[in-house]
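Novice: Model the placement of chain L on the given structure of chain G, informed by the hints.
Number of protein chains: 2
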Amino acid sequence: MTLPEKTVERLSEYRRSLADCADGGITHIFSHVLAGLHGITAVQVRRDLMLIGFSSDTKKGYDVRVLADFISSILDSPVPANIAIIGMGHLGRAITKYFNSKDLKLKIIAAFDVDPAKVGREIAGVECHDMGCFERMVGELDINMVVVSTPRDVAGELVLPIINAGIKGVLNFTSRPLNFPRGIVVENHDITTMLEKVAYFVKEGEE
Amino acid sequence: MTLPEKTVERLSEYRRSLADCADGGITHIFSHVLAGLHGITAVQVRRDLMLIGFSSDTKKGYDVRVLADFISSILDSPVPANIAIIGMGHLGRAITKYFNSKDLKLKIIAAFDVDPAKVGREIAGVECHDMGCFERMVGELDINMVVVSTPRDVAGELVLPIINAGIKGVLNFTSRPLNFPRGIVVENHDITTMLEKVAYFVKEGEE
Chain G
1 MTLPEKTVER
11 LSEYRRSLAD
21 CADGGITHIF
31 SHVLAGLHGI
41 TAVQVRRDLM
51 LIGFSSDTKK
61 GYDVRVLADF
71 ISSILDSPVP
81 ANIAIIGMGH
91 LGRAITKYFN
101 SKDLKLKIIA
111 AFDVDPAKVG
121 REIAGVECHD
131 MGCFERMVGE
141 LDINMVVVST
151 PRDVAGELVL
161 PIINAGIKGV
171 LNFTSRPLNF
181 PRGIVVENHD
191 ITTMLEKVAY
201 FVKEGEE
Chain L
1 MTLPEKTVER
11 LSEYRRSLAD
21 CADGGITHIF
31 SHVLAGLHGI
41 TAVQVRRDLM
51 LIGFSSDTKK
61 GYDVRVLADF
71 ISSILDSPVP
81 ANIAIIGMGH
91 LGRAITKYFN
101 SKDLKLKIIA
111 AFDVDPAKVG
121 REIAGVECHD
131 MGCFERMVGE
141 LDINMVVVST
151 PRDVAGELVL
161 PIINAGIKGV
171 LNFTSRPLNF
181 PRGIVVENHD
191 ITTMLEKVAY
201 FVKEGEE
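In order, the protein sequence lines correspond to chains G and L.
Sequence positions in the first sequence follow my numbering and run 1 to 207.
Sequence positions in the second sequence follow my numbering and run 1 to 207.
Keep in mind that the hints were calculated from the coordinates and are not lab data.
Warning: the hint list may mix true and false statements.
Each pair may be met inside one copy or between any two copies, as identical chains are not told apart.
To be verified - Below, in silico cross-link-like pairs of lysine to aspartate or glutamate (EDC-like), each with a Cα-Cα straight-line distance of 20 Å or less:
#1 Lys-118 / Asp-76
#2 Lys-59 / Glu-135
#3 Lys-97 / Asp-153
#4 Lys-6 / Asp-153
#5 Lys-102 / Asp-20
#6 Lys-102 / Asp-69
#7 Lys-107 / Asp-142
#8 Lys-102 / Asp-153
#9 Lys-6 / Asp-190
It should be emphasised that the depicted structure is a prediction, and the values quoted were computed from it without experimental measurement.
Pulled out of the complex, with its shape left as it was, chain G reads as follows (with noise of 0.2 Å):
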């Protein structure tokens, strides 16, 4: 069964608080203290965790390395994921140095960018290769998903490489939404949007 969007978004949430328990000393966790960290309620929690068929009646609340596992169970896929990112620019080095910084089983591995003074250079700890070869690097680095921090005016020529490479996943962080047939999965996240978002609403908690 396919959970909802929501769920995975709070489980990849909570197995990070468990990691930082786990790190801290702490071997168990009420749902209500887990609850308190992510700013929900006890029963989103035990909601979320009855879904996934996780279950704990343990009086000290739930085993926190237990349940990570079981999340990681969950979310993660029995073979490492491999990474893409395309458009090595200020947003496309700090995403890869920020997300290969943690101990994730994703690693952005290859970097693909159109500008000569990048392409053949190792940048933020991957190398950068030829947007022009990406179809065949995709093959040969068996890479399934890709990030897209490019400028928004050349997001729209991403698409047909993307299909024809077989990718698979598509986290898009520039302002051009993208389309994909069914079968990819896209998940577009400009960050224009979401600080007008959060301006709207500061905007209407005055008026």
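Specialist: Chain L only, in chain G's frame:
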């Protein structure tokens, strides 16, 4: 009437597409064309515009500039919003450059960090202040929103200074969810969660 979150997101996206159209010399657009740009249905577009009270009975579709201006009148605050960014690492710098390079009503006008090597310098086009001066500078510069791009382990320490400074909106890019009292709008957008979510739905699609 306060609009639903998803409607606000789509309006922000429509506005950017309309600006593109206007730049390209397009004066009118049909709802199904606008919908196609965003991978949604024309019914959704018409529902969103009905919700904000925009109607157009022209045979040529919506007037691109009129609609863009109408959306701006809904989304934008009459006074310009000043934004500060906390944490001037790679991600902070990338966000600042990306954001301020666009011609938006919202501007990142100041940065805050604790690193003495950054404080007092202009980074990514904005002056970087010491986090110790945060509350005073927020008042002086009339800042009402912040973007948080610090390391995860210090994000929690920012909650009280943000509340005390009278900040009204927070866009949090760290992987630690931040909770604020009612009256402060917060959007938690962790890149890790976004990518783990794409990975999960890719995995589900393959099973």
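Novice: Could you run down the list of hints and mark each one as holding or not?
Specialist: Hints and how they fare:
Taking the shortest Cα distances, Lys-118 and Asp-76 never come within 20 Å of each other, neither inside one copy (32 Å) nor across copies (38 Å). Taking the shortest alpha-carbon separations for Lys-59 and Glu-135, neither the intra-copy value of 54 Å nor the inter-copy value of 43 Å comes in at or below 20 Å. Taking the closest pair of Cα atoms, Lys-97 and Asp-153 come within 20 Å of each other only across two copies (17 Å); inside a single copy the shortest separation is 24 Å, beyond that limit. For a Cα distance limit of 20 Å, the shortest separation of Lys-6 from Asp-153 qualifies neither inside one copy, at 30 Å, nor across copies, at 24 Å.
For the identical chains of this complex, Lys-102 and Asp-20 are intra-copy neighbours only, at 13 Å inside a copy versus 37 Å across copies, given an alpha-carbon limit of 20 Å. In this assembly of identical chains, Lys-102 and Asp-69 lie within 20 Å of each other by CA distance solely inside one copy; the values are 17 Å within and 42 Å between copies. In the homo-oligomer, the alpha carbons of Lys-107 and Asp-142 lie at most 20 Å apart inside one protomer (12 Å), although the nearest pairing across protomers, at 40 Å, exceeds that limit. Only between protomers do Lys-102 and Asp-153 lie at most 20 Å apart by alpha-carbon distance; the minimum there is 13 Å, versus 31 Å within a single protomer.
Proximity of Lys-6 and Asp-190 under a CA criterion of 20 Å is satisfied in both settings, with 18 Å inside one chain copy and 13 Å between copies.
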